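Visitor: Going down the list, the sequences are from chains A and B. Everything in the first sequence is counted per numbering that gives the first Met the number 0, starting at 0 for the first residue and increasing by one. Everything in the second sequence is counted per numbering that gives the first Met the number 0, starting at 0 for the first residue and increasing by one.
Don't read these hints as lab results, they were simulated from the structure. Predicted, not measured: the structure shown is a model, and the values here were computed from it. The C-beta atom is built at its ideal place from N, Cα and C for all residues, glycine as well. Don't take every hint at face value.
Take a look, some chain B residues computed to stay more than 12 Å from chain A by CB distance [said to hold, decoys possible]:
id	residue
1	Q5
2	Q10
3	A64
Sample of chain B residues facing chain A (criterion: CB under 10 Å; computed from the structure) [to be verified]:
id	residue
4	A15
5	Q25
6	A44
7	P45
8	E53
9	L61
10	L63
11	E67
12	I70
Letter by letter, the chains look like this.
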Amino acid sequence: MSTPEAGLLVALVGNPNTGKSTLFNALTGLRQRVGNYPGVTVARKSGTCDLGDGPKVELVDLPGLYSLAAASPDEQVVIDALSGNIAGDRRPDAVVLVVDATNLLRNLFLASQVAELGRPVVVVLNQADVAKEQGLRIDTELLSRRLGGVPVVLSSAWKGEGILDVRRAIALAIAQQTQLKRVAWPTNIAAALADVAAAAAADTGKQISEADAQRLLFDTNPSTADRLGWTIAQREKTLRSARDRVRNSGYNPMAAEPLVHYAHLRIILEGVVIEGLGKAGRSAAVDRLLLHRFLGPVLFLGIMLGFFGSVFWLAKFPMEWIQSGVDWTKTIVAPLLDAYPMLQSLLADGIIGGVGAFLVFLPQILILFLFIGILEDSGYMARAAFIMDRLFSWCGLNGKSFVPLLSGFACAIPSLLSTRTIEDPKARLATAFVVPFMSCSARFPVYALMCAAFIDPLYGAGWQSVVMIGMHCVGLLFAVPTAFVLTRLVLKAKPQPFVLELPRYQMPKPRDVIWRMWQNAAEFVSKAGTVIFAITIIVWALSYFPRDASVAERIKAANPSASEEVVKAKLQAAYVEQSYMGRFGKAVQPVFDPLGFDWKITVGVLASFPAREVIVSTLGVTYSVGEGAEADSRQLRKAMQDAKWSEGPRAGTPIFSLAAVLALMVFFALCSQCGPTIATLAQETGGWKWAAGSFVYMTALAWVVAILVYQGVSRIS
Amino acid sequence: MTPLSQLLPGQFGKLASLNPERGVDQRLMALGLLPGMVLKLIRRAPLGDPLAIEFGGQVVSLRLAEAENLIVDVAADCPIQRPRQP
């Protein structure tokens, strides 16, 4: 995975909110690649970095973190990446520690831990402009000396200052193998570490680095032991006696690491920072307003509604352009293949339709990530989570679940991608799992059609609004208990404490925001896009084949005096009826019979598994009013209102009774009918297990609830 | 000796003890919140939970339930501000 030019790998490590990604973008420019670390849903961002006069290197931007204690997948990836334990990745030739110049002590704790890994190090004091504004003067030479001679450079990545110094420092670190001064462990702790290393080496037959020994001794998390293959039975006794030894020397073994490191750092920083007169940051004043007891939530709602409304409305126009572009392409391409109806349909409905099916999501993804980028980089996202956390904590989610769930009302795809902002993997998974329950905009045409055809004419506009609002709440009603059960009973991982830094407010840098927006969109197109495309082609094939020429003759013979258009519509209906999809629909209709669905609705339901909005045009086809039917089609409404059961106990009664209409809407509210959602869920959860689980769970739930609605309402009305 | 969760907004306290076995406390220690450190409760979230505390030049949010086991000393040598009037 390293660059061919030089083969040198440099890692960027630092706390969150240090401007690390801005520095990464400044160092690499647009020469970046985004991938995934094997087996985990942690993105691997890398790029080519020029080192001034030195060689070109591959720079990898590791996830932001506060400590190397392996508590989350992000932290584990950083440890593995720095120690060269990632398959296909080399051990970095140098580590750039990005440090917030306004808070050296806390930031250098991570640096001090990284020093234990023994890699050549550069320390970059970023956001130096802010430090200067606050009146802080940092003696970089003294700090460099105290840290054992590693290069220490000031930079302000936001303003593009000091970037060349960083490049030169990296080259220097590689050339001189500059090592950060390591902490001197008290004798008893050093002895305990040696005991652990020796026992682990003896039991596993592997060489145990000092950094590994520290993780084994200090962490409650067993991930390091698991990676080394040091079993509980083997390690239990050694670790207990080693920890007792630490305890006897006066340190709590779980607190020893930060205590020793921070004491070491306080000595190093003695006299390094000179505090002069400066402006205090404005963040506290802004927080007094934005986190105010009454104004805070009001402003929050305003910001979120503005944000959510924009995703919904701004995306509408480009989505319409894409849709009409796709339709236009079809009308241009289709006539060229009039002689080959199969190829024509494959190209127009299968391939062009399939490309359109995922391109249509791009505007929403781009706009959502534009906003998320602004919210995150400005520092408001952490405040939003602070305000909302109480509403989500009781069901195992956290304040950061709010944005994905809200944007789920527009579309599940971008909101699934936005669950990446949730650090706690358990809350992230649970949020992603319930996002598809939010009533997305693709459900709207179904509700609109049903309400316009049945609720409004029979019960009036008042009830129509009630039903509309009710349908938007049904999903939420089931999402909350689902999250509760999932986090309490199903997911065994320990929930992570919700310790969240409320960082300094900052002006987002347009380049960073736009760049991240672009990367997310590109990843969606390359990963989920292919799956969505494949699903569309499969469903196309199922509803196209087999196509028997005799059907056309039969329809023409049966309707000798009908107009060409009517014959065409009837022919389409007949083709679908005898396609694999139609046959399958008839075969499984008994499954949907308790929901009050006839075979035509069943075919509609089956055909709309890749994309639920397809139901309207499928009903248009099966009810012989033509393919182009839309939710406001008067013809389709009329055809559905007139539809009656032709056989069975319900013969002669309308198919679309109130019970069936409500059951159908509830079914669409809850069912997992969206190929892109499933594909994205698989991408974001790192495998098909949760995607399949979501599909089965939502579909089964939709089926059961729709039966209850149909049977219940039929009895009452 | 008071649990951190009972501090009033604007009040300072010196961290007397934490429980290093707990994940929250490990996180806070990594951020530099060690026994003996002075911290300030800045505010509660509008719904009463979580809390925002300031220590070592940074503002950190943590949940009420997680703040209960952090014992602080509202001692005389801590500057105490009167809670802001709402």
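Visitor: Look at each hint and say if it fits the structure.
Guide: Evaluation of the provided hints:
1. Q5: holds (18 Å)
2. Q10: holds (16 Å)
3. A64: violated (9 Å)
4. A15: violated (14 Å)
5. Q25: Hint holds; B:Q25 Cβ to chain A Cβ min 6 Å, cut 10 Å.
6. A44: holds (5 Å)
7. P45: Holds, about 5 Å.
8. E53: holds (9 Å)
9. L61: holds (5 Å)
10. L63: Result: holds, 9 Å to nearest chain A Cβ.
11. E67: violated (13 Å)
12. I70: Since chain A brings no Cβ nearer than about 14 Å to B:I70, farther than 10 Å, the hint is violated.
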